[in-house]
Each structure stands twice: as C-alpha cells, then as structure tokens.
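Asker: Listed here are the chains, written in short residue letters.
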Amino acid sequence: MNNAEDNSNAHPPFSSVDAEVKQALASMRRDHFTAGFEDRALARWNRERALSLNTFSVIERLAWRLLPLAVAASLLMAVYSAQHNSAPTASLLARSLGWQSAVWVASVKNSHAETYESVYSTLYGLPLVNSSSGVQ
Amino acid sequence: MNVEQSRDSPLEERRLLQLAAAGDARAFRSIVQAYASTVAGVITSMLGPGDDADDAGQETFIRLMRALPTFRGDSVLRTFVTRIAMNVSLDALARRKRDLRFVSLGSTEDTGSGDVHSVDRTADEEEDQRARAQLVQRAVDSLDGKHRAVVVMRLLEQRSTKESAQLLGIPEGTVMSRLTRAMQKLEHILRPVLDR
Chain G
1 MNNAEDNSNA HPPFSSVDAE VKQALASMRR DHFTAGFEDR ALARWNRERA LSLNTFSVIE
61 RLAWRLLPLA VAASLLMAVY SAQHNSAPTA SLLARSLGWQ SAVWVASVKN SHAETYESVY
121 STLYGLPLVN SSSGVQ
Chain E
1 MNVEQSRDSP LEERRLLQLA AAGDARAFRS IVQAYASTVA GVITSMLGPG DDADDAGQET
61 FIRLMRALPT FRGDSVLRTF VTRIAMNVSL DALARRKRDL RFVSLGSTED TGSGDVHSVD
121 RTADEEEDQR ARAQLVQRAV DSLDGKHRAV VVMRLLEQRS TKESAQLLGI PEGTVMSRLT
181 RAMQKLEHIL RPVLDR
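In order, the protein sequences belong to chains G and E. Residue 70 in the working numbering sits at position 70 of the first sequence, with consecutive numbering throughout. Residue 180 in the working numbering sits at position 180 of the second sequence, with consecutive numbering throughout.
In short, the hints are calculated from the structure, not lab data. All C-beta atoms, glycine included, are put in the ideal place defined by N, C-alpha and C. Don't take every hint at face value.
Here are the simulated DSSO-like pairs of lysine-lysine, each with C-alpha atoms no more than 27 Å apart in a straight line [unchecked claim]: (1) E/Lys162 with E/Lys146; (2) E/Lys185 with G/Lys22; (3) G/Lys22 with E/Lys162; (4) E/Lys97 with G/Lys22.
Okay, the calculated beta carbon distance ranges per label pair [unchecked claim]: (5) G/Asn46 with E/Pro192: 47 to 55 Å; (6) G/Ser57 with E/Asp99: 30 to 38 Å; (7) E/Arg26 with G/Thr55: 19 to 27 Å; (8) E/Arg15 with G/Ala73: 43 to 51 Å.
Reference excerpt, derived from the structure (chain E facing chain G, CB under 7 Å, subset only) [claimed, not checked]: (9) Leu19; (10) Gly23; (11) Ala27; (12) Phe28; (13) Pro49.
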C-alpha cells in the first residue's frame with residue numbers, strides 16, 4: 001500500500017482476501033431502502049418537528065405567565081427595600097435597590113473618621129480605643 | 001423546483017433544504033429521493049439490509065435537517081450526507097454491540113469470529129460457496145465499527161485515503177493504519193479457511 005493510490009480510485013491489493021471481503025460487503029449493499037421509505041422518513045420528521053415546536057411553545061407560554069409575577073415580585077422587593085433602608089442620605093433609587101455598602105461608606109466619610117479604630121467605632125457603635133491610653 | 005434542477009445549483013439545493021427543514025413536505029421528499037441511494041449504500045454496507053438500516057436511513061435525514069444550520073456549504077452536500085450516514089451507522093453498530101454483549105451474558109453462543117474455523121466443507125460446490133460467503137460475512141461482522149467503516153470506504157466505495165479521512169473525520173494516517181489492521185485481522189481469520 002502506498003500513497004500513490006490517492007490519485008485514483010484504483011488501489012493495489014490490501015491483502016490476499018480483498019476480493020472475498022469486497023464481495024461480502026457488496027452482497028450486503030443496497031442502493032435503495034424498502035418501499036415506503038420516503039413516507040416513513042417524512043412522518044418521522046413531522047413528528048420530531050411537532051414535538052420540538054410543542055416544547056418551544058410550552059416554554060414560551062410558561063414564560064409569559066411567569067413574567068407578571070416576576071415584575072410584581074421585583075416591585076414589592078423594591079418598595080420594601082426603600083422603606084426599610086435606614087441610610088437617610090441615599091437616593092430613593094439607591095434605597096430601592098438596596099445599595100447598603102455605598103450608604104455606609106458615605107456615612108463613614110461624613111464622620112471624618114481618620115483611623116481604623118474610629119471607622120469601627122462609627123460602624124458598630126463601639127467605644128473608641130486609644131492604643132496609648134485605653135478606652136475613651 | 002425539483003431535485004434534478006437543484007442538483008445543478010448549490011443555491012437551489014440550499015433553498016430546497018431550507019424549505020424541507022421548515023416543514024415543506026415536497027422539499028423533504030425531493031431531498032430524500034435525491035440522496036436515498038447514497039445513504040442506503042453507506043448504511044447497508046455498514047449494517048446490512050433490514051429494519052436497522054431503514055431506521056438509520058430515517059435518522060440520517062432527520063439529522064441532516066437538524067444539522068442544516070451548521071452546513072457551511074463549502075463541501076458538497078452529498079459528502080455531508082454521506083458523513084452523517086456513516087456517523088449514524090457507527091452509532092447503530094455501537095448500540096448493536098452493546099445489545100449483543102447484554103444478550104451474550106446469558107448465552108454461550110459465540111457471535112464473533114471464533115467459530116469461523118469450524119464451518120464444515122461440503123461436497124456440494126454451491127453450498128460450499130454459500131458457506132464461504134457466510135464465513136467472510138461473519139469475519140467482516142467481527143470488525144468493530146471504526147475499522148469496518150474504513151474497509152467500506154476504501155474497498156467497497158473505492159474512496160481515496162484523503163476522501164475517506166474527510167468523510168470519517170479522522171487523519172489520513174489513521175485511515176491507513178486502521179485499514180491495515182482490519183485487513184490483517186480479516187486475513188488472519190479467513191486465510192486458513194479459504195485455503196483449505
């Protein structure tokens with residue numbers, strides 16, 4: 001066997017049983033399927049399409065049904081956040097979205113805290129500890 | 001538009017495929033008519049004729065419709081279809097092998113090549129021919145899918161190594177090594193019996 005055979009469909013024998021193997025394969029080979037193949041294939045394709053279309057439409061219907069619920073839930077959570085957010089300086093939008101951390105940083109900045117101790121004291125309401133003289 | 005027209009123009013063929021994929025029954029039938037022979041040739045060479053082949057043929061056309069978006073049109077559609085048919089055949093062979101293994105758990109029947117040597121010679125020439133054909137058939141059946149695919153492509157379909165590699169999605173070197181291995185195995189099984 002060599003690469004020269006690639007240039008044509010003729011090939012040197014692969015083994016001494018080539019002819020027998022080829023004959024055996026050729027005896028199995030058919031150029032057509034049994035009668036009615038087209039109809040069976042088409043019916044199967046229609047079934048598969050119907051199934052996939054059904055699945056898609058079920059998901060679509062479900063999504064449309066859930067959409068109002070999702071919107072209502074989001075609004076409720078926004079109203080709840082806006083009412084229960086204790087940061088007074090934050091905007092209504094920030095409070096609705098629950099931007100807690102931004103609010104806290106702002107309040108720490110406003111407290112003119114300069115050291116880690118004073119930041120913790122402001123955040124958690126702890127007594128300010130002075131490393132040299134103890135609790136103030 | 002019919003298949004004969006569409007064969008002359010890749011664009012028309014593509015349009016026909018799109019119509020078929022969208023559910024147009026006439027377009028689907030045209031596609032099936034155009035490629036049934038190619039698909040049947042590959043599948044029956046791999047699986048033999050019968051219900052399995054019919055089922056695999058249908059599966060091939062369904063996969064073709066599904067794979068339409070991935071068909072870039074830079075290869076000939078016949079090559080694309082042949083490749084799908086070969087993949088479906090390999091899947092069917094793998095399934096068959098699994099089922100056979102399951103069945104053979106409770107059976108002593110050897111379905112492989114082990115008993116090919118035990119086929120008796122008969123005096124009657126016709127019967128002898130039939131027995132030899134059956135023997136070769138069983139030896140070919142004993143090849144696993146990937147080796148059988150290469151033998152079918154190179155020996156029966158007379159495809160070049162390069163074409164076979166493209167159709168099977170493997171390197172050319174692999175085609176040659178698989179072919180060598182498959183033919184060595186067949187020769188090892190068949191030669192002593194055929195020489196008797």
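Asker: Of all the hints numbered above, which does this structure not satisfy? Sort the numbers upward.
Answerer: 9, 11
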